[in-house]
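Asker: Okay, here's what each chain looks like letter by letter:
Number of protein chains: 4
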Amino acid sequence: MRYRRLGHAGLRVSELSLGSWVTYHNQVDVNAAVEMLAAALDAGINFFDNAEAYAGGHSEEVMGQALKRLNKPRLHYVVSTKFFWGLDRQGDAVNRKDTLNRKYLMQAIDGSLQRFGLEHIDLVYCHRPDPHTPIEETVRAMSDMITQGKALYWGTSEWSAADIRAAWAIAERHHLHKPVMEQPQYHLFHRKKVEQEYARLYEDIGLGLTTWSPLASGLLTGKYKDGIPAGTRGAMETMGFLREQLTDAAKNAAVQQLGTIAAELGATTAQLAIAWVTKNPRVSTVITGASKPAQLQDNLGALAVADQLTPELMQRIDAIAQPLVSG
Amino acid sequence: MRYRRLGHAGLRVSELSLGSWVTYHNQVDVNAAVEMLAAALDAGINFFDNAEAYAGGHSEEVMGQALKRLNKPRLHYVVSTKFFWGLDRQGDAVNRKDTLNRKYLMQAIDGSLQRFGLEHIDLVYCHRPDPHTPIEETVRAMSDMITQGKALYWGTSEWSAADIRAAWAIAERHHLHKPVMEQPQYHLFHRKKVEQEYARLYEDIGLGLTTWSPLASGLLTGKYKDGIPAGTRGAMETMGFLREQLTDAAKNAAVQQLGTIAAELGATTAQLAIAWVTKNPRVSTVITGASKPAQLQDNLGALAVADQLTPELMQRIDAIAQPLVSG
Amino acid sequence: MRYRRLGHAGLRVSELSLGSWVTYHNQVDVNAAVEMLAAALDAGINFFDNAEAYAGGHSEEVMGQALKRLNKPRLHYVVSTKFFWGLDRQGDAVNRKDTLNRKYLMQAIDGSLQRFGLEHIDLVYCHRPDPHTPIEETVRAMSDMITQGKALYWGTSEWSAADIRAAWAIAERHHLHKPVMEQPQYHLFHRKKVEQEYARLYEDIGLGLTTWSPLASGLLTGKYKDGIPAGTRGAMETMGFLREQLTDAAKNAAVQQLGTIAAELGATTAQLAIAWVTKNPRVSTVITGASKPAQLQDNLGALAVADQLTPELMQRIDAIAQPLVSG
Amino acid sequence: MRYRRLGHAGLRVSELSLGSWVTYHNQVDVNAAVEMLAAALDAGINFFDNAEAYAGGHSEEVMGQALKRLNKPRLHYVVSTKFFWGLDRQGDAVNRKDTLNRKYLMQAIDGSLQRFGLEHIDLVYCHRPDPHTPIEETVRAMSDMITQGKALYWGTSEWSAADIRAAWAIAERHHLHKPVMEQPQYHLFHRKKVEQEYARLYEDIGLGLTTWSPLASGLLTGKYKDGIPAGTRGAMETMGFLREQLTDAAKNAAVQQLGTIAAELGATTAQLAIAWVTKNPRVSTVITGASKPAQLQDNLGALAVADQLTPELMQRIDAIAQPLVSG
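Taken in order, these protein sequences are the chains called A, B, C and D. Per this note's numbering, the first sequence runs over residues 1061 to 1387. Per this note's numbering, the second sequence runs over residues 1061 to 1387. Per this note's numbering, the third sequence runs over residues 1061 to 1387. Per this note's numbering, the fourth sequence runs over residues 1061 to 1387.
Just so you know, the hints here were simulated from the structure itself, not pulled from any lab data. Each hint should be verified, as a subset may be incorrect.
In silico DSSO-like cross-links for lysine-lysine, where the CA-CA straight-line distance does not exceed 27 Å [unchecked claim]:
| # | chain 1 | residue 1 | chain 2 | residue 2 |
| --- | --- | --- | --- | --- |
| 1 | B | K1210 | D | K1210 |
| 2 | D | K1157 | C | K1157 |
| 3 | A | K1210 | C | K1157 |
| 4 | A | K1157 | B | K1128 |
| 5 | C | K1157 | D | K1253 |
| 6 | B | K1157 | C | K1132 |
| 7 | B | K1285 | A | K1157 |
| 8 | C | K1128 | B | K1157 |
| 9 | D | K1210 | A | K1210 |
| 10 | C | K1210 | B | K1210 |
| 11 | A | K1210 | B | K1339 |
| 12 | A | K1128 | A | K1352 |
| 13 | C | K1210 | D | K1339 |
| 14 | D | K1128 | D | K1253 |
| 15 | B | K1285 | B | K1252 |
| 16 | C | K1352 | C | K1283 |
| 17 | D | K1157 | C | K1210 |
| 18 | B | K1132 | B | K1210 |
| 19 | B | K1283 | B | K1210 |
| 20 | C | K1128 | C | K1210 |
| 21 | A | K1210 | D | K1157 |
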C-alpha cells in the first residue's frame, strides 16, 4: 500500500480506503465487518470512513464493535464520522437534522463516540453545508470537538470553495483549529469541484481530499449496461434516486469503451476507474466500497493498474469520459 | 408549529414558546408540568424558558423533574436559565445577588445544572445588566460556561443596545463566545427597545430575540377592564407592583377596541396580542405563559390569527395601541 | 458592614477583612478559627486572607476545616491564597521556593485546594515578584488556574507598578485572564506604593487593593511605646526582624500623638489607624489580624471611627504621620 | 550542585543531569535505577532525561517505577520525554513513527504518562524535526499537552534554528504555549548548532539548551584510543553506527592531548570534556550518562574541574579540538 498526507496535514492515509455507506448493517454484520476490516488492515488500508447517518447510526455501531474485536493499537487506523442529517431514531425535531448548529453538533459527536465505543474519532466532517447556520458557529463547534479531545482533525463534505475558505479564515482569525480536508464526490464523470472549484485551495490552505464514489455508484463497473440487475445497489428500494444516472445510455456506452482499455491492461473497468482517481495528486485517499472480501481484493488491484496508466492512456480515457462529465 | 432561527444563530426555536415565571412551583407542580410540557412538545413548542430566580430555584427543579419524566431525546427541547438575582435560599450575601460578577456566575451555572438535573443548558442569559461589573468580566464568565460545555449559547435580558454591542465587541476581540440573543419585554404597549434601540443590532451582530410578556402581564387579555379580579396574577400579593399598569383606564379602553378586531377574526384579544408580536420578523420566539393546558391551546391559536393579520389590520391595531406605548 | 468592589472587578469585599498570617495554627486552632470566622461572618466580613506559606501550610488547613464546619453557602465568603515561598514540609528543592515558575505554580494551586478542601479558591496571588521568571510564564500559569476552574481572580502582592502593568498587558495581548488586584503593605507610615507608585494603575487597569498590616505589625496600637512587652508579636522568636521598627522612638512618639486624636473620638489608636486606611477609596479591603474575638470586635469599631474622620482630622493625622513615612 | 534557568524560563535545572538512553532497561533495572536516582538526587541533580523510544518504552517504565519507590515530592525532580519514532511494540503503522502529526503526538503523551505512572511530565520534546507535518500542527499538539495539564514546558531536539523560530512565531501569533528549550548534541567535536546556528535564538526567544553526548559517545573518555574494547557502548551490536567516529585516529590523538591537560588538573579526560560543556552559559544542563553510581560520581567531579578552567586553559583546549570539529 502507498500512503499520502491528508493535504498539508501530517496525517498519512492509505491511497485506497474503505467506506461503510450502504454496506454496514444493511449488507455487512459485525462478523463480516471484522473479516473485512482485518483484510483491509492486512492490505495496508488505514482509513475507515463512516457517518452518523449511515444505516441510522448502526454503521458506527457495527464498525466500533468490529474494531474492538480486532483490538489493534489505535495508531493503526483512522476512523471518520460526519454530521448533518441527524439520527432518525431520535424522532422528529427541528434541531435534530439538516443543520450544523452548535446544539446539534455537540450532541452528535458525543453520540458517535458512544456508538463507536471510542475515546476519540480521527476525522470529523460537516457532512453537507448548512446555509442557515453562520459558518463561525459551525467552525467553533468543530474546533471545540478537537480542543476537548473528542476528535483530531475536522473537515467538510460537498462544501463550496467559498465556504471552505471562509471557515478556514474564521479559524485563522480566532485561533481555532482549521478545517484540513474535504470529502467530495469524484469520478470520471464528476470532476468539477475537485478539478476547478477547489483549484486554489490546495496550495492556499493545504486542503486534503478524501473522495467518494469512484465508481459512480456502480455505473463505472459496467454492470448497468443492460439495465438494473437484481441484487445491485441500483435495485435497492432506498436507492431509487440513483436509477436514472445508472442507466444513462451515453455513459454506459462510454463505460464499455473504458472496459476495452481496462482489458488491454488485464484489469476490470472498476479497477481502471479507481486507478484513474488515484492519479490525481490532490486526492489523499479514494474511499471505496465493498460488501465482500473478494470485492476489496478487486479494488486493491487498482493500485497496480495506476502504475500502468501512462500519459497516453490517461489521454485516451479523458477523450472518452470528458464529454460526459456532468458535475 | 413554525420555527425561526435565533437571530443569525443556527438554533431553531418555535414561534411560540413556554415560560415558567410565576407559574412553576407556585401554580404548577411536577405532575402538572409534565402534562403542560407534553402538550407543548406535541404542539411543536421546543423552547422552555426558565431562570434561577423563578420561584427561588423551584421552577428549575420542577421543570427538570418534568423533563426527566418525559424522557425525550435532548435535541427535542431547548431550555434556558438566567442569572442575576441569586437564590434567596442561600441567604443574604453581598456577592449572592444583583450581580454578574465571575464568582456569582460560575456558581450560578453549576447550581442551575444541579437543579435541572441536566448536563448542559441550551441558553443562558444575564438576566439584567450589572453596571457594577465590567462587561469583560461578565463576557468571560458567560463564554467560559460554553467552553466548559455547561451551556450552548449565551445572551442578555433587558440590556441596553450599547452594552450588548460592547459585550459582542469584547468577545470578538478576545475570541470568546459572543452573545447571540436578548430577552426583552415586548408587547403592544412596550416597544421601544425592540423597535428602536436595538434596530442596528439585528444586522450588525445578528441579535435574536426571545420576547416576554406578550400580554402585558394579562392586561391584553381584557380581564382587568373592571379592576383586579380575584385569582388573577394582579391579585397575587407579590405582584402588587403590576397593579397600577393593569388597571390603567386608557389602556383598558384600548384593549376593548382591540377585542373588537379580535372578535372580527373569531379570536380572543390575547390571541390577537400574541399574534401581533409574531408579526415582527426580528422576534425569534414569543414566550407565553400558561398554568393550564387549556391556556396553552388558547395561546397556540394565535398562530392562525397571525396569518389573518393583513397590513390593513396591522394599521388599525397600531392606531389603537401606538398612542399608549409607554416603554 | 460596608462593601467595596475589588478595583474595577465585580467582586464585592467587606471594607474590613480577616487575615490569618501568624495567627492560624500558631495562635488559633480549628475550634478558635470556627469561633473567629463565625463572628466575622456575623459582622459582615466576607474576605478571609491566607497563603500557602502561612504556618507552613497549616493556616490553609485550619481555615479549610473551620469553613467546612461552618457550612455556609460558598457565595458568602471569599478565600485567598498566595504562592511564592513554597512549603518547607516538602523539603529543599530548587523549584520549590522563591519562584513563580510554571512547575511551582501548577502544583501549588493543587496543594492549596487540597489543604483547604475547597473546589476553588476565589483569589490567588503571586506573593512576591520573581525577577528570574518571565512575566509571561507567570501570567499564563495564573490565568490557566482560572481557566481550569481552580481560581476565580488572580493578582499580585508587593509587585512594582511596572511589573503589574506588564502582566496586564501580556494578558490583554494573549487574551488571558488579567490580574485584578494587588496586596501591598499600607499604613500611616508606609504609603508610597499605594499613593504614588500605583497611582496610574487604578484607572488604567482598574487595579484593586487588599492591603495588609494596617497597624504596622502592632506599632500603631501603641503597645510598643515602652519596648517589647512579653506575649506580643514583637516578642515572638520568628518575628525578630520586626523589633527595630516596632521600637522606633520617633514613630512611637507619633503614635502617642495619634492616640490623643483617637481618644477625642472615643476610639483606640488601632481603630484610628485602621479607619485611616479605609479612607483611601483605592483600598478595596483592609486585611486585619485578630487572634481573639474581642480583638475582632475592636477592629470592627474602626468603621464607625472612619465616619468621624473629617478632612480637618485627616489633616491633623497627616501632619503627625507624614514626616515619618518610611516606605 | 549549581542550577541554571532553562533559557529564559523560570524552571531551574541542575548543571549536570542524568540521561537514560542506552542505559535504562538495557544496563539498568529498577533496583539499579532507584540506586542511581537516589544518588543523583542526593548530589543535587534534579533533571532526568528520557524518551518514548529509549529501550522501546521500557526506559520510561523503569524510571517511573524507580521514582515511585523513591517517593520524593514532585517538585524535587524534572522529568522529560520525547516524541518522534514511536514504539516498536505497537507494530508497524504509517502514523506510528517518524512523525510529529497530531494523531501520533496526542496518543504518545498519553502513553508516556501511563508508562511513567505520572500525572504530568515536566518537559516534552519533539525528538526530531518532521518535514512532512506543518509546524503549526505540531505546535498546536505540543501546546495542547500543556493546556490539558499533561506537560509543563515543550521544546525540540535537533531542529534547525529556522524551524524553532517558526514554531515560536506560530505560538506567539496564535497565543499558544511557546517552545522553550532545544536538546542538541554538544561536545568538543560537535559545536556548530549550539555556537553558530542558534546564536540569535538565545536572546530573541530565550531558548534554553539541554545538551546530550558531552563525551561524544565515549570518544572523549579516551577509552577508544586503541580500538573498541569489549563491554563498551561501541561494542554493542545496536551501536555499530558509532564505531567509525569512535575510532577516528585524529580525534583519538586529540583526546590524548586533552588527557594531558586533564591530568594537570588532577581530572579525567571525561571530567574535562563535561566541564568544558558547562562553561558555555547558553547550556542550561548537560545530560550525562551513567550505568553505575561510581560513573555518576565521576561525572559530578566535572563541576570542580569547571571552576579550574581559566581562559588560558580554555584556549589550549580549543587549539586541540577546534580543528577537528565535524558538526
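Asker: Decide, hint by hint, whether the structure agrees.
Answerer: Hint-by-hint comparison with the structure:
1. For the given pair, K1210 (chain B) sits about 23 Å from K1210 (chain D) by alpha-carbon distance, which is consistent with the 27 Å threshold.
2. Distance check on the hinted pair: K1157 (chain D) and K1157 (chain C) sit about 40 Å apart at the alpha-carbon level, beyond 27 Å; violated.
3. Of the supplied pair hints, the one linking K1210 (chain A) and K1157 (chain C) is violated, its CA atoms being roughly 38 Å apart against a limit of 27 Å.
4. A threshold of 27 Å between alpha carbons decides the hint, and for K1157 (chain A) with K1128 (chain B) the separation of about 23 Å falls inside it, so the pair holds.
5. In summary, the hint linking K1157 (chain C) to K1253 (chain D) is not supported, as the alpha carbons are separated by about 34 Å, beyond the 27 Å threshold.
6. Straight-line distance between C-alpha atoms of K1157 (chain B) and K1132 (chain C) comes to about 16 Å, which keeps the hinted pair within the 27 Å bound.
7. Proximity of K1285 (chain B) to K1157 (chain A) is assessed by CA-CA distance (about 46 Å); at most 27 Å being required, the pair is judged violated.
8. Taking the CA atoms of K1128 (chain C) and K1157 (chain B), the gap is near 23 Å; set against the 27 Å cutoff, the hint holds.
9. About 16 Å separates the Cα atoms of K1210 (chain D) and K1210 (chain A), which keeps this hinted pair within 27 Å; it holds.
10. For the proposed pair K1210 (chain C) and K1210 (chain B), the alpha carbon gap of about 16 Å is at most 27 Å, so the pair holds.
11. Restraint check for K1210 (chain A) and K1339 (chain B): not satisfied, since their Cα atoms lie roughly 42 Å apart, outside the 27 Å limit.
12. Taken as a hint, the K1128 (chain A) and K1352 (chain A) pair is honoured in the structure, with Cα atoms around 20 Å apart against an allowance of 27 Å.
13. Between K1210 (chain C) and K1339 (chain D) the alpha-carbon distance is near 42 Å, which puts this suggested pair outside the 27 Å criterion.
14. The hinted pair formed by K1128 (chain D) and K1253 (chain D) fails the criterion: a straight-line CA distance of about 36 Å is larger than 27 Å.
15. A hinted pair counts as satisfied when its Cα atoms are at most 27 Å apart, and K1285 (chain B) with K1252 (chain B) qualifies at roughly 25 Å.
16. Of the pairs offered as hints, the one joining K1352 (chain C) and K1283 (chain C) holds, with about 17 Å between alpha carbons and a cut-off of 27 Å not exceeded.
17. For a cut-off of 27 Å, the pair hint linking K1157 (chain D) to K1210 (chain C) is broken: about 37 Å separates their Cα positions.
18. Between K1132 (chain B) and K1210 (chain B) the alpha-carbon distance is near 19 Å, which keeps this suggested pair within the 27 Å criterion.
19. Between K1283 (chain B) and K1210 (chain B), the direct Cα distance comes to roughly 41 Å. Violation of the 27 Å bound is thereby established for this hinted pair.
20. With a C-alpha separation of about 18 Å, the suggested pair K1128 (chain C) and K1210 (chain C) falls inside the 27 Å cut-off, and the hint holds.
21. Restraint check: the Cα-Cα separation between K1210 (chain A) and K1157 (chain D) comes to about 22 Å, which is no more than 27 Å; the hinted pair holds.
In terms of the numbered hints stated before, the structure departs from hints 2, 3, 5, 7, 11, 13, 14, 17, 19, listed from lowest to highest.
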